[in-house]
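Enquirer: We have chain A already, so just place chain B on it with the hints.
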Amino acid sequence: MELIEAIILAVLAASTPLLIAATGELVTERSGVLNLGVEGMMIVGAACGFAGAWLTGSILVGAFFGIVAGTLMSLVFALMALGLAVNQVATGLALTILGIGLSGLIGAGFVGERITPAVHLYIPGLTDIPLIGRVLFGEDGFVYFSVALIVGVWWFLYRTRAGLILRACGDNHVSAHALGYPVLRIRTFAVMFGGACAGLAGAYLPLAYTPFFIPGMTAGRGWIALALVVFASWRPGRLVIGAYLFGAVTILQLHAQGWGVGIPSQFMSALPYLATVIVLVLLSRARTGGSTAPAALGTVFVPDR
Amino acid sequence: MQLVLEKRAERSNTIALVSPLIAIGLTIVTMTILFAILGKNPLLALHAYFVAPLTDGYSLQEIAVKATPLVMIAIGLSLCYLANAWNIGAEGQFLIGAVAGSWVAVKTQGTDAGAWVLPAMLVLAAAAGALYALIPAICKVKFGASEILTSLMLVYVADLFLDYLVRGPWRDPHGFNFPTTAEFDPVATVPLLIEGGRLHLGSIIALLVVAVAAILLGRTIKGFEIRVVGAAPRAARFGGFNANQLIILTFAVSGALAGLAGIIEVAGPVGHLQPGISPGYGFTAIIVAFLGRLNPLGILIAGLFLALTFIGGEQAQIAMKIPLDVTKVFQGILLFYVLACDSLILYRFKVVFPNRQVARGTH
Numbered sequence: 001m002e003l004i005e006a007i008i009l010a011v012l013a014a015s016t017p018l019l020i021a022a023t024g025e026l027v028t029e030r031s032g033v034l035n036l037g038v039e040g041m042m043i044v045g046a047a048c049g050f051a052g053a054w055l056t057g058s059i060l061v062g063a064f065f066g067i068v069a070g071t072l073m074s075l076v077f078a079l080m081a082l083g084l085a086v087n088q089v090a091t092g093l094a095l096t097i098l099g100i101g102l103s104g105l106i107g108a109g110f111v112g113e114r115i116t117p118a119v120h121l122y123i124p125g126l127t128d129i130p131l132i133g134r135v136l137f138g139e140d141g142f143v144y145f146s147v148a149l150i151v152g153v154w155w156f157l158y159r160t161r162a163g164l165i166l167r168a169c170g171d172n173h174v175s176a177h178a179l180g181y182p183v184l185r186i187r188t189f190a191v192m193f194g195g196a197c198a199g200l201a202g203a204y205l206p207l208a209y210t211p212f213f214i215p216g217m218t219a220g221r222g223w224i225a226l227a228l229v230v231f232a233s234w235r236p237g238r239l240v241i242g243a244y245l246f247g248a249v250t251i252l253q254l255h256a257q258g259w260g261v262g263i264p265s266q267f268m269s270a271l272p273y274l275a276t277v278i279v280l281v282l283l284s285r286a287r288t289g290g291s292t293a294p295a296a297l298g299t300v301f302v303p304d305r
Numbered sequence: 001m002q003l004v005l006e007k008r009a010e011r012s013n014t015i016a017l018v019s020p021l022i023a024i025g026l027t028i029v030t031m032t033i034l035f036a037i038l039g040k041n042p043l044l045a046l047h048a049y050f051v052a053p054l055t056d057g058y059s060l061q062e063i064a065v066k067a068t069p070l071v072m073i074a075i076g077l078s079l080c081y082l083a084n085a086w087n088i089g090a091e092g093q094f095l096i097g098a099v100a101g102s103w104v105a106v107k108t109q110g111t112d113a114g115a116w117v118l119p120a121m122l123v124l125a126a127a128a129g130a131l132y133a134l135i136p137a138i139c140k141v142k143f144g145a146s147e148i149l150t151s152l153m154l155v156y157v158a159d160l161f162l163d164y165l166v167r168g169p170w171r172d173p174h175g176f177n178f179p180t181t182a183e184f185d186p187v188a189t190v191p192l193l194i195e196g197g198r199l200h201l202g203s204i205i206a207l208l209v210v211a212v213a214a215i216l217l218g219r220t221i222k223g224f225e226i227r228v229v230g231a232a233p234r235a236a237r238f239g240g241f242n243a244n245q246l247i248i249l250t251f252a253v254s255g256a257l258a259g260l261a262g263i264i265e266v267a268g269p270v271g272h273l274q275p276g277i278s279p280g281y282g283f284t285a286i287i288v289a290f291l292g293r294l295n296p297l298g299i300l301i302a303g304l305f306l307a308l309t310f311i312g313g314e315q316a317q318i319a320m321k322i323p324l325d326v327t328k329v330f331q332g333i334l335l336f337y338v339l340a341c342d343s344l345i346l347y348r349f350k351v352v353f354p355n356r357q358v359a360r361g362t363h
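Sequence lines, in order, name chains A and B. Just so we're aligned: the first sequence equals residues 1 to 305 in the UniProt record's numbering. Just so we're aligned: the second sequence equals residues 1 to 363 in the UniProt record's numbering.
Chain A with its partners taken away, still in its complex shape (with noise of 0.2 Å):
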């Protein structure tokens, strides 16, 4: 019963990031830009995440650190693929590449440094309720905010003018343009909101899941979280089974090597890029009858005058 529930919290634990990361990358390719640098905006987040914790003693500062850090990573791939009308995926892998840089520099003199987690939630009788109780009632901030986050992108992009708008900007911008909507401008606030998300995302690691920092410690993390956006067929509801089926494949080859199941670790470490592969492979195989993604996704655009 125990080990079911620490299994359970520790899924959550590890699909949070992939929600967060997942949900803002969605919100991204909605608008029709393919931001591939999630993985670089994530770990600057996790190393100025961590940074602003552990000057101010803070996680929410840190969250904030984490956010702006991104935020300003996007910012640049904004300029360049929406300003400058750069192939987004080169941008994109650029921005990876000089996060990764960015990362090691700012972090550097963090390692090996400690700070406390974020503290988990505590309602007397509610989280002793065995199994579910501290599933529902004693996690963190962050994995009841990444649950708001995607009701939030949910009620924004099919509920409001707003998010219509932004559909429209990725479905077709041609004709979004023609109809006097600011597509670079839009384009740039959901860009933007991608890059907060993987900041936050990023800084949830060393907030919250370890608490430390160390280079490279998003191990991937970026581009599974761009992978369950394709898997989600970019929609909210999906992308949540997807973040937390996730969760739960990187959880159990951990748990299968704790268990000695006699495979060597590197295989069952392997395990979620492959489950990615093959996901991606079954997914867009079954998709036969047209493309779900935004019709405009990736795509560049100058607008005439």
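There is no bait here: all hints are sound.
Only part of the chain A face toward chain B is listed, based on derived beta-carbon distances under 7 Å:
1) 85
2) 89
3) 93
4) 98
5) 100
6) 104
7) 220
8) 264
9) 266
10) 270
11) 284
Since the hints were derived computationally from the structure, they do not count as laboratory data. The beta carbon of each residue, even a glycine, is placed where N, CA and C say it ideally should be.
Expert: Same frame as chain A, but now just chain B:
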């Protein structure tokens, strides 16, 4: 007043030529500021990065050694990118090539195997790299799965596989438990060009690859097809060129080159298989490919330049305690500037004064 982007009627050849130089210049300016922020004397730091490595023979050889894998991988990647196929998993193909080639070296260790060992290693490494690159290519062509994500995921898998081998079955029994194979036998080692130096046969192979790529792209139908499929997919369809076939081909070639680079690195400068054989060659090669304008000769020059930053970065770390991560920041910034300057080949800036009446549509 507003600055807007406007498409040029024709691509600007002047900017196409000078844009890499502008990009390098802007990067150096940015780095000067970064060094100053880090509290290092910018002039001394720039000297350590870009001048000091050019002043002694050992460093010059070391630059060529570092440029070898970069150029080989980047040539392959440039073919992919020209055909609009996004292989970003060259790092994984490099590692798998290193593993496959090392298999021969490990199995023949201590036997009286002859001169066939090294050629067999090279062939096997290229084949393994190509096969590994074919996984994302086939997933793309058959199932439509994004080759960007699948090729990248396979980097982590290759890395873990190599880690497993050198910690498990292939570990040197006399290696004090370090995760490494035993030193390769002389027949399994890439020969040096200068006795006692660093330069090895791999650099010659890299030059051959550049020459072959230049001929392929400039003088053959296949090269023409690759360029057309990337630049004008619609025209390519009307021309009857098979884009899917080219994705398979360019991925296989780039995987083979990355695999070859991997085994040359292991059987040459490193001498044995261990984790961390690559300081990110597969990713830096992406920068090399773009800085070299996806052109073989340009890639050769760009490869040498980025190798210089690797060596310069090491020297700056020793001499001035500048963190090694500065090199990665440098490379990232450089790629940004290259891409930004390239944009000016197709577009130009125009200053517009928004006119209220025009905005209301009453002109």
